[in-house]
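Each protein sequence line maps, in turn, to chains A and B.
Each residue of the first sequence is one higher than the one before, counting from 1 in our numbering.
Each residue of the second sequence is one higher than the one before, counting from 1 in our numbering.
Possibly wrong hints are sitting among the right ones.
[Said to hold, decoys possible] EDC-like, lysine to aspartate or glutamate: derived pairs with alpha carbons at most 20 Å apart: (1) A/K79 x A/D39; (2) B/K42 x A/E15; (3) A/K100 x B/D100; (4) A/K100 x B/E59.
Quick caveat, the hints were computed from the structure, so don't treat them as lab data.
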Amino acid sequence: RKEVEQDPGPFNVPEGATVAFNCTYSNSASQSFFWYRQDCRKEPKLLMSVYSSGNEDGRFTAQLNRASQYISLLIRDSKLSDSATYLCVVNPWWGDSSYKLIFGSGTRLLVRP
Amino acid sequence: GAVVSQHPSRVICKSGTSVKIECRSLDFQATTMFWYRQFPKKSLMLMATSNEGSKATYEQGVEKDKFLINHASLTLSTLTVTSAHPEDSSFYICSARNWDSASPQHFGDGTRLSIL
């Protein structure tokens, strides 16, 4: 089983749509969770951290369910510029000074006019 | 915000050549740097973690003699792919973070390596 699993997509949605991505992780001791965005042939960029109580940043809402080891990202009012690959990222170790990140393989989003 | 610069952005060279990639933190002291590799349509795979002034810690399956990492200062880490072969062709990305355990990793803009 992969440490971080995501539906690869692609999700093809019209502008203005609401779309949700899911991610599961295998290590129940994982402590930190993130969503990154990666454009084609570019480096990943941090979109948002994911907190236990859930958090929102503009049109983006992230949720964490520790019991189910499940993370989600909701994008409202999709824009053309949201087209990218969204990476679910987990830091699986508590107190690990190296602060390793484990990346999912990404979910591709295509927003059409 | 924090900036990490990676150089070169693109390398094309013959099989058997050694290639050095630099990763610099421009406005913060990077106590830890990470090197990743990403094949097309695949996830980023951590290759190694390096702390300034000490030997890198390599992930399982990554040959330390093949991928030489040096992190001699708080702002610079280098990855040297020795005697590169076509199967080493990939997108190599570095990231860096400072001493604060709560600080995120900041990624360089990657190096696309093509071995002919």
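Hints, verified against the model:
Of the supplied pair hints, the one linking A/K79 and A/D39 holds, its CA atoms being roughly 14 Å apart against a limit of 20 Å. Under the criterion of a C-alpha separation no larger than 20 Å, the hint pairing B/K42 with A/E15 is inconsistent with the structure, at around 27 Å. Taking the CA atoms of A/K100 and B/D100, the gap is about 14 Å. The hint holds against a cut of 20 Å. With a CA separation close to 11 Å, the supplied pair A/K100 and B/E59 stays within the 20 Å bound.
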